[in-house]
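Protein chains: 2
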Amino acid sequence: MRAALDPTLYLVTDTALSCPRTVPDVVRAAVTGGVTAVQVRDKDASRRELYELTLAVRAVLPPGVALFVNDAVDVALLAGADGVHVGQDDLPPAEVRALIGPDRLLGLSAGNPAELAVALALPPGTVDVVGIGPVWSTPTKPDAGAGLGPAGVAALAAGARAAGLRSVAIGGISAANAASVTGVDGVCVVSAVCAAPDPEAAARELRAAVGVLA
Amino acid sequence: MRAALDPTLYLVTDTALSCPRTVPDVVRAAVTGGVTAVQVRDKDASRRELYELTLAVRAVLPPGVALFVNDAVDVALLAGADGVHVGQDDLPPAEVRALIGPDRLLGLSAGNPAELAVALALPPGTVDVVGIGPVWSTPTKPDAGAGLGPAGVAALAAGARAAGLRSVAIGGISAANAASVTGVDGVCVVSAVCAAPDPEAAARELRAAVGVLA
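In order, the protein sequence lines correspond to chains A and B. 19 is the number that this note's numbering gives to position 39 of the first sequence; each next residue is one higher, with no gaps. 37 is the number that this note's numbering gives to position 57 of the second sequence; each next residue is one higher, with no gaps.
It is worth saying that the hints were derived from the structure and are not from the lab. Among the clues, some could well be false.
Because identical chains share one entry, a pair is satisfied inside a single copy or across any pair of copies.
As the list claims (entries may be wrong) - As a list, the in silico SDA-like pairs of lysine to any residue whose alpha-carbon atoms are at most 25 Å apart:
| # | residue 1 | residue 2 |
| --- | --- | --- |
| 1 | K23 | A138 |
| 2 | K23 | A131 |
| 3 | K23 | M(-19) |
| 4 | K23 | G127 |
| 5 | K23 | P72 |
| 6 | K23 | R184 |
| 7 | K23 | P177 |
| 8 | K23 | I80 |
| 9 | K23 | L79 |
| 10 | K23 | P130 |
| 11 | K23 | A134 |
| 12 | K23 | P103 |
| 13 | K23 | T162 |
| 14 | K23 | A74 |
| 15 | K23 | R38 |
| 16 | K23 | A39 |
| 17 | K23 | R8 |
| 18 | K23 | G144 |
| 19 | K23 | P4 |
| 20 | K23 | G139 |
Construct all of the structure, not just a fragment, from the sequences and the given hints.
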């Protein structure tokens, strides 16, 4: 059975922004504050470091908070994660689904209608959740292009929803602007939690702000 | 059944050094010249690029030439490679063996007695072949440390052989110096083939030089 996913407030980890705290410390606090799903992402880590980081994050997650690994399907499998998130330049989604089997979750990034079409063209059950963004341009992913804006996100999210896919918005989302993001099933945050002096309080504020999605 | 491996002349690909030729073009020529095993390595490639590169290399390999993928276990599985090669900072060998199953080959780098001990401490059948090096310091892997020299390589190779593991030497090996590398089951080359004006001729020369190992 496909792993459960509550995408309401989806944290993507950033090791550098979490410093001097460890990523698991930030994740633990963020989950206490209301984060509902976590993706371990560290493009600078070796595969072994990413594996160890994923195990450490997994150890602090309560049941019901889905754990994704960015890009590294092998790490996700070995670490017993609930799912994998891939970008459009990572391994192709159909191949990833073949590797992870039917029970794990698969997320795919989509930044424009053509990229969303990739997700929609796949057999049902391949992709579970589409990461739409960036909503606003963001310093944590400077190559992600100009922001789609809330209207652009809502348009892509409507396309995903019509095909039975869930969606989350990502890119520059904070407690101050989260309420303007609509049409998606949740919001992803990186720096708004990882760089916050108090990740638990930051997550709590965000969770209150995204409550309008429900 | 474990995939067959003839490690006599083992080519590790380098995309930049192969330019302006493609990696598959260099591999095809090198195999014609006598290369017996190929490892696709490209630390700069995205996971998707590495997957596509591995498929393209696989398409030019004749039966009997084992295909390894460096580090990326997921890519190796998806591309139907014969094996994976991991460094000491990549995913741990026992975990990699669990992912790849009993039929694929697993290589592990070892640059000193402590790293070799990692391989020797694993259950029999975990690792198939140990990559020992660098023999000489090499511009293609500037972080690999000073060279072990032929005597250092032979000492590590003897330890591997005593434990039933095969070994290949890597690092700075050329047709001019390959004959001085002894005690191993084969030699790995990168620039000696990938940067050669005529990879087929370079492989043929190397194959003649390493003949003394047999």
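(request) Report the numbers of all earlier hints that the structure fails to satisfy, in ascending order. (result) Those not satisfied are hints 1, 2, 3, 6, 10, 11, 12, 13, 18 and 20.
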